[in-house]
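Visitor: Based on these hints, arrange chain B on the given structure of chain A.
Number of protein chains: 2
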Amino acid sequence: MLSKTKIKWINSLERKKNRDEKRLFVAEGTKIVSDLLPLLKCRFMGVEQSAFKDEYRNFSDEIEVITPDEYKKISFQKSPQGVLAVFEKPTFDIQYEEITENLNLALDEIQDPGNLGTIIRLADWFGIRDIFCSHHTADAFSHKTVQATMGAIGRVRVHYLDLKIFLKDLFEKMPVYGTFMDGKNVYHENLSRNGIIIMGNEGSGISDELLPFITQKLMIPSFPENGKTSESLNVGIATAIIVSEFRRKFFKTGKKM
Amino acid sequence: MLSKTKIKWINSLERKKNRDEKRLFVAEGTKIVSDLLPLLKCRFMGVEQSAFKDEYRNFSDEIEVITPDEYKKISFQKSPQGVLAVFEKPTFDIQYEEITENLNLALDEIQDPGNLGTIIRLADWFGIRDIFCSHHTADAFSHKTVQATMGAIGRVRVHYLDLKIFLKDLFEKMPVYGTFMDGKNVYHENLSRNGIIIMGNEGSGISDELLPFITQKLMIPSFPENGKTSESLNVGIATAIIVSEFRRKFFKTGKKM
Numbered sequence: 001m002l003s004k005t006k007i008k009w010i011n012s013l014e015r016k017k018n019r020d021e022k023r024l025f026v027a028e029g030t031k032i033v034s035d036l037l038p039l040l041k042c043r044f045m046g047v048e049q050s051a052f053k054d055e056y057r058n059f060s061d062e063i064e065v066i067t068p069d070e071y072k073k074i075s076f077q078k079s080p081q082g083v084l085a086v087f088e089k090p091t092f093d094i095q096y097e098e099i100t101e102n103l104n105l106a107l108d109e110i111q112d113p114g115n116l117g118t119i120i121r122l123a124d125w126f127g128i129r130d131i132f133c134s135h136h137t138a139d140a141f142s143h144k145t146v147q148a149t150m151g152a153i154g155r156v157r158v159h160y161l162d163l164k165i166f167l168k169d170l171f172e173k174m175p176v177y178g179t180f181m182d183g184k185n186v187y188h189e190n191l192s193r194n195g196i197i198i199m200g201n202e203g204s205g206i207s208d209e210l211l212p213f214i215t216q217k218l219m220i221p222s223f224p225e226n227g228k229t230s231e232s233l234n235v236g237i238a239t240a241i242i243v244s245e246f247r248r249k250f251f252k253t254g255k256k257m
Numbered sequence: 001m002l003s004k005t006k007i008k009w010i011n012s013l014e015r016k017k018n019r020d021e022k023r024l025f026v027a028e029g030t031k032i033v034s035d036l037l038p039l040l041k042c043r044f045m046g047v048e049q050s051a052f053k054d055e056y057r058n059f060s061d062e063i064e065v066i067t068p069d070e071y072k073k074i075s076f077q078k079s080p081q082g083v084l085a086v087f088e089k090p091t092f093d094i095q096y097e098e099i100t101e102n103l104n105l106a107l108d109e110i111q112d113p114g115n116l117g118t119i120i121r122l123a124d125w126f127g128i129r130d131i132f133c134s135h136h137t138a139d140a141f142s143h144k145t146v147q148a149t150m151g152a153i154g155r156v157r158v159h160y161l162d163l164k165i166f167l168k169d170l171f172e173k174m175p176v177y178g179t180f181m182d183g184k185n186v187y188h189e190n191l192s193r194n195g196i197i198i199m200g201n202e203g204s205g206i207s208d209e210l211l212p213f214i215t216q217k218l219m220i221p222s223f224p225e226n227g228k229t230s231e232s233l234n235v236g237i238a239t240a241i242i243v244s245e246f247r248r249k250f251f252k253t254g255k256k257m
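Listed in order, the protein sequences are those of chains A and B.
Numbering (my numbering) for the first sequence: 1 to 257.
Numbering (my numbering) for the second sequence: 1 to 257.
If you are wondering where the hints come from, they were derived from the structure by calculation, not from laboratory data.
Please note: incorrect hints may appear among the correct ones.
Each pair may be met inside one copy or between any two copies, as identical chains are not told apart.
Straight line, CA to CA, 16 Å or less: simulated EDC-like cross-link-like pairs of lysine to aspartate or glutamate [said to hold, decoys possible]:
(1) Lys78 x Asp112
(2) Lys73 x Glu14
(3) Lys164 x Asp208
(4) Lys4 x Glu245
(5) Lys249 x Glu189
(6) Lys4 x Glu189
(7) Lys53 x Glu64
(8) Lys31 x Glu231
(9) Lys31 x Glu202
(10) Lys89 x Asp139
(11) Lys217 x Asp182
(12) Lys53 x Asp93
(13) Lys4 x Asp69
(14) Lys144 x Asp112
(15) Lys16 x Glu62
Isolated chain A, as found in the complex (with noise of 0.2 Å):
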């Protein structure tokens, strides 16, 4: 039976304060509890009989085999996922070496935890490694984000930092893409094979404190030219259509396409 200390445990980490105090997160669900196993170090697990699984016992020390009573105490969810997992949040070093040779992201205050777990995913998707958030980015830790990164959390190197200060650091060393309504048409410029793409808020785009660190400007052309369409597009969409023009470019056909 889960003890109400337990259950207190796992509700505190709804709170930033506390996953980052604890240095602990939540995950739901078979399909991404299963895929963050091997990954992430596992604390706790909360199983309802129907769910079970004997591969759980290699991957976490603790598992409860609990009610659909007791499931619905420790779940953030509104529809029963079965499984509930405790993971140890990673941490890791920057490797700047490593950055400068690949493609990386950096997320200048992208608020909506569903966009940000989109993000984390899609970056899984198309092999960057890291991403690298400002100060209030939301929490990729944060359930609905976890959630909706479909277990790319475990893969993805996400670092909260000052982006000024880092991108001081580095726009001299690689590229640094910004997507604003002014820059250049993706689809035609000549993009480089490792770099920092900036990705800005929903509302707001990038920061000005940022610009001079740019290095080249981008635009995802509306269609067709000039023609009445939406404003703007879904930060997430926004990404994805960037993200996957540079692996376009570059994959590998044996012709730079």
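Guide: Chain B only, in chain A's frame:
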């Protein structure tokens, strides 16, 4: 003062059954409502004093200035938006000649209202005028979807129909594309200027019954090839990348890219 009848009438539009019967839907927030006012017939507006604009009078027969407390009673949102409007759902016939010349989307049981709204918004950005949804796709006029379209619901024509019958009629007249894990690399394929792109359900993809009508199977490659990445992309993200790739290939540059 807002009458009880009016409050009940607005609240009733939270249910699809009532939206369908009355052919009405609700939008909230200055940006979305202002976008929709010139495009759709507005039947009622409730506006908080602080959000009131004179120009609203040009578009709506019935405007009530309401208190924050009254606003809460009619709002579908957690955080107050200042303006709520009830619009008539647009109606339109399917223009087969136009469709066969254009690029269109078909959605096969997209379940998440947020995903649907995002897809409508990006369709608008990329000049896609018609989206054909299977009957089991989420409702384009649900509140969550409308808000996620950011006003694009007023420009894109969303049709609900039996996709099987619809595609059976059309697949010999224009290319029908679908996205599959074993499809061909979308970056390298010849794509047509016109056609229908089918996007499948978040979990199970495109229904078997639609497979006979697909003339070209596409795939978005992950990067690096054969690397360990996310197993899939969010359906809104995948739609964006595919549609962007169609548009890129025909973007006016004097040369085909």
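Visitor: Please go over all the hints and tell whether each is borne out by the structure.
Guide: Against the structure, the hints come out as follows:
1. Lys78 x Asp112: Between copies only: 15 Å across chains, 19 Å inside a chain, cut-off 16 Å.
2. Lys73 x Glu14: within (13 Å within a copy, 28 Å between copies)
3. Lys164 x Asp208: within (10 Å within a copy, 51 Å between copies)
4. Lys4 x Glu245: neither (51 Å within a copy, 53 Å between copies)
5. Lys249 x Glu189: Both ways: Lys249 and Glu189 sit 10 Å apart in one copy and 14 Å across, limit 16 Å.
6. Lys4 x Glu189: neither (58 Å within a copy, 58 Å between copies)
7. Lys53 x Glu64: For Lys53 and Glu64, the Cα distance is within 16 Å only inside one copy (12 Å; across copies 58 Å).
8. Lys31 x Glu231: between (36 Å within a copy, 11 Å between copies)
9. Lys31 x Glu202: between (29 Å within a copy, 14 Å between copies)
10. Lys89 x Asp139: within (12 Å within a copy, 38 Å between copies)
11. Lys217 x Asp182: Within one copy only: 8 Å inside a chain, 35 Å across chains, cut-off 16 Å.
12. Lys53 x Asp93: neither (34 Å within a copy, 52 Å between copies)
13. Lys4 x Asp69: Answer is within; shortest intra-copy Cα gap is 13 Å, inter-copy 38 Å.
14. Lys144 x Asp112: Classified as both: same-chain Cα gap 9 Å, cross-chain 15 Å, threshold 16 Å.
15. Lys16 x Glu62: neither (23 Å within a copy, 45 Å between copies)
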